[in-house]
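Taken in order, these protein sequences are the chains called R and C.
Take the position in the first sequence, starting the count at 1, then add 385; the result is the number in our numbering.
Take the position in the second sequence, starting the count at 1, then add 385; the result is the number in our numbering.
Because the hints were derived from the structure by calculation, they are not lab data.
This structure is a prediction, so every number in the text was calculated from the model and none was measured.
Hints may be right or wrong, so weigh each one.
[Claimed, not checked] Listed next, the in silico BS3-like pairs over lysine-lysine satisfying Cα-Cα at most 25 Å (straight line):
#1 R:K473 x C:K473
#2 C:K760 x C:K473
#3 R:K636 x C:K512
#4 R:K641 x R:K760
#5 R:K632 x C:K389
#6 R:K581 x R:K473
#7 R:K641 x R:K389
#8 R:K581 x R:K791
#9 R:K760 x C:K513
#10 R:K636 x C:K389
#11 C:K513 x R:K473
#12 C:K473 x R:K760
#13 C:K473 x R:K513
#14 C:K632 x R:K389
Number of protein chains: 2
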Amino acid sequence: MSTKILLDEDEIPRQWYNLAADLPTPMQPPLGPDGNPIRPEDLAPVFPMNLIEQEVSQERWIDIPEEVLEILYRWRPSPLRRAVHLEKFLGTPARIYYKDEGVSPPGSHKPNTAVAQAWYNKQFGIKKITTETGAGQWGSALAFACALLGLECKVYMVRISFDQKPFRKLMMNVWGATCVASPSPETQAGRDILAKMPDTPGSLGIAISEAIEEAVSDASGQTRYALGSVLNHVMLHQTIIGLEAKKQLSKAGEKKVDVVIGCAGGGSNFAGIAFPFVADKINGAQIEIYPVEPSSCPTLTRAPFTYDHGDVAKMTPLLPMYTLGHGFVSPPIHAGGLRYHGIAPLVSQAAVEGLLTPKAYGQLQCYQSALIWAKTEGFIPAPETSHAIAAAIDEANKAKEEGKEKVILFGWSGHGLMDLMGYANFMDGKLIDFPLPEEDLKASLKSLEGLPKAPVVKSGRW
Amino acid sequence: MSTKILLDEDEIPRQWYNLAADLPTPMQPPLGPDGNPIRPEDLAPVFPMNLIEQEVSQERWIDIPEEVLEILYRWRPSPLRRAVHLEKFLGTPARIYYKDEGVSPPGSHKPNTAVAQAWYNKQFGIKKITTETGAGQWGSALAFACALLGLECKVYMVRISFDQKPFRKLMMNVWGATCVASPSPETQAGRDILAKMPDTPGSLGIAISEAIEEAVSDASGQTRYALGSVLNHVMLHQTIIGLEAKKQLSKAGEKKVDVVIGCAGGGSNFAGIAFPFVADKINGAQIEIYPVEPSSCPTLTRAPFTYDHGDVAKMTPLLPMYTLGHGFVSPPIHAGGLRYHGIAPLVSQAAVEGLLTPKAYGQLQCYQSALIWAKTEGFIPAPETSHAIAAAIDEANKAKEEGKEKVILFGWSGHGLMDLMGYANFMDGKLIDFPLPEEDLKASLKSLEGLPKAPVVKSGRW
């Protein structure tokens with residue numbers, strides 16, 4: 386029996402899947418500063434119009450441009466692997482599959498959308514892209530994509546990650562990108578924050594503000610901003626993960642999948658592995674779908690669904706989403722990619738509908754699970770990925786207790802070779818869990834005051 | 386056209402190839418301290434007998450144990466990729482293929498032999514394996530293999546790499562191994578060196594001495610030493626690389642290959658990709674085969690073929706090989722895996738026969754080539770690998786000048802994600818080349834004085 390299920394290049398999905406087309410209730414629109422729905426043209430200073438069209442598209446399937454595929458072929462289709470060694474270690478009757486996005490040059494799922502976004506920007510005549518990055522996975526992915534497409538790239542990296550993970554910055558430099566710690570003195574948003582909180586660890590929200598500011602203030606009009614998660618078009622581009630995985634499960638002879646798991650920060654990794662299965666669930670399939678977030682940043686498990694800004698400086702439109710409040714500053718857990726205050730509107734609406742079963746895990750259990758993984762399956766996972774592994778192990782143990790032959794699929798969002806300091810701190814006993822105290826949650830939610838409420842609209846089918 | 390040529394697990398080679406069976410002149414034996422050929426039983430305190438049998442085997446094909454294959458399947462067969470984007474960038478008519486060993490969990494070719502050696506040790510009842518490591522690729526590979534097989538692992542890491550590459554040590558720790566900087570105060574060999582040269586950057590030779598000392602001084606008899614390169618059985622285990630590559634080239638429709646390139650330190654990466662093609666050359670095929678070494682450590686290009694110790698403390702037998710002298714201490718180039726004073730006897734004898742065309746490159750050209758690679762092909766290569774890339778680019782440019790449709794194959798020995806500091810130093814203009822001055826070469830060769838000479842015996846066929 387083969388433990389790697391591979392696809393040839395000509396088996397790659399040639400269309401992305403748009404969940405918006407299948408959700409039983411329509412998405413609520415983003416709102417502008419005046420509280421009215423924003424129009425596509427309002428976003429034009431920030432994003433190229435071809436990506437804005439994708440952002441608002443209701444088409445179920447959207448063609449992947451041939452030139453984007455040509456770049457993705459460097460590592461796609463990615464392997465689906467079966468974790469037979471972990472299964473044996475756990476003594477579970479479950480079959481555990483994982484979709485390995487660690488094989489991309491920057492080592493995570495992020496290039497799937499970075500390449501697409503860079504390509505659409507280039508098509509639109511853009512010369513430079515600005516962005517933010519948390520753990521550095523997104524920044525290095527965009528640097529990579531821009532290098533291959535000949536675009537300039539500027540990355541604002543959350544200061545705590547910039548300090549904890551200096552090698553991610555070097556990776557961006559190898560691909561020719563500029564990377565600065567955020568908050569930085571290079572933007573008004575950065576200077577304002579530094580004046581108030583000179584020692585802040587930074588946050589994705591702050592870094593987004595800086596990157597947008599730089600993009601919109603380029604008088605030449607040839608700079609745009611790119612976001613690595615949250616937005617509809619980003620979720621769209623990531624669905625190639627789950628679409629490949631479906632083909633591969635079928636190749637492996639699996640007629641159904643029982644549980645689909647993905648770690649969830651801004652939502653793009655989760656959407657990538659899960660949305661094609663959410664579609665099946667909408668169409669009647671019995672599938673449990675778990676987004677897994679850190680207990681220190683419990684967006685889906687403890688925060689409300691409402692309108693909020695995507696960034697601290699309130700430069701983004703108001704998005705309908707689960708949110709801890711844009712003022713939220715996460716404890717310094719190592720899973721930098723999971724420290725965002727909100728989560729994608731598409732993921733949020735799927736959760737509102739009851740299609741998802743969100744889970745939260747503390748980082749200690751996640752690192753413990755990652756070490757079990759490294760010593761059985763061999764590969765070292767990213768701290769973000771370890772959240773999905775922890776949930777997969779729990780689910781496999783549950784299957785053992787119940788004596789059920791479950792099929793578990795999870796998204797292995799990336800490798801942890803750039804994140805070994807977190808492992809060292811864990812093994813040295815230096816890490817703790819940071820379950821979000823109720824009073825801190827309440828304080829953080831205050832940043833939502835005065836913003837419009839997003840009504841919880843659902844079909845009631847789940 | 387597909388740029389990745391993949392094999393299914395059931396297409397994996399099931400036997401290793403032993404070049405010793407095909408060399409036109411027999412290998413000269415290793416010598417003991419008395420100058421007489423050593424017997425297999427003399428090596429018994431250092432290696433398990435099953436590996437010693439492989440070391441002296443004259444069989445052409447040796448079965449790969451099923452349980453070793455089960456472990457290798459985690460990443461093998463590895464992809465053969467065609468560097469179409471580099472070809473386009475260079476405007477060359479050459480077709481450039483590379484065998485990607487960066488997909489293994491530790492990120493290099495080293496686990497191919499680490500897994501085999503750990504498995505044979507375990508079969509023999511050994512509980513703990515000691516070793517040395519330069520850049521850390523071998524140490525992390527053995528740590529990985531020992532973790533999967535439940536063996537204890539202790540790694541002596543050359544101090545300069547230990548300092549330059551702290552994350553490799555953390556990787557070993559994740560897999561449960563202990564890693565100390567060499568020279569260390571933990572062995573007599575280490576203490577002796579530290580007393581004489583407290584600030585030494587260390588060397589592979591010193592680290593080997595320490596690891597052997599720890600293995601042979603375990604009174605329980607349950608500890609053995611493992612070497613990541615140089616020895617015949619290590620070359621053997623790596624031939625799975627070239628054997629897979631041959632199948633893949635054939636799948637890609639290539640009827641012949643014109644040039645085979647591999648970077649060469651101790652010789653195992655080079656042997657892995659090249660030996661199956663050396664066999665073809667012995668049988669009459671027209672193939673150029675280039676081992677590529679650093680100009681700062683020009684073993685094959687400027688050193689003599691003679692008997693020398695594998696380590697500084699002269700604990701190893703005398704091996705017939707090209708050697709700069711066991712007293713050689715390499716300049717601090719970043720390609721730590723290429724800083725060894727000698728090179729494998731099997732590679733040496735193939736060079737003596739005229740089957741190989743050794744090349745030497747300075748690190749500046751190698752880093753320049755690596756950056757071109759990262760911005761075209763996308764993946765970031767290890768500094769060792771960049772030596773092969775530099776030679777492949779030169780060869781592709783030559784093909785362009787000559788207007789020839791050459792097929793070039795090279796071994797992509799590993800990724801450079803753990804080696805980004807070298808890139809940073811290069812991009813900051815902090816690196817220089819260290820071509821070995823003639824007087825330094827002469828001084829280093831003095832450590833050969835008083836040792837037996839190995840006669841240069843060749844068939845004269847090449």
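Quick rundown of the hints versus the structure:
no. : hint            : in the structure
1   : R:K473 x C:K473 : 46 Å, violated
2   : C:K760 x C:K473 : 12 Å, holds
3   : R:K636 x C:K512 : 40 Å, violated
4   : R:K641 x R:K760 : 29 Å, violated
5   : R:K632 x C:K389 : 19 Å, holds
6   : R:K581 x R:K473 : 53 Å, violated
7   : R:K641 x R:K389 : 18 Å, holds
8   : R:K581 x R:K791 : 52 Å, violated
9   : R:K760 x C:K513 : 16 Å, holds
10  : R:K636 x C:K389 : 19 Å, holds
11  : C:K513 x R:K473 : 24 Å, holds
12  : C:K473 x R:K760 : 41 Å, violated
13  : C:K473 x R:K513 : 24 Å, holds
14  : C:K632 x R:K389 : 19 Å, holds
Against the hints set out earlier in the document, violations occur for numbers 1, 3, 4, 6, 8, 12.
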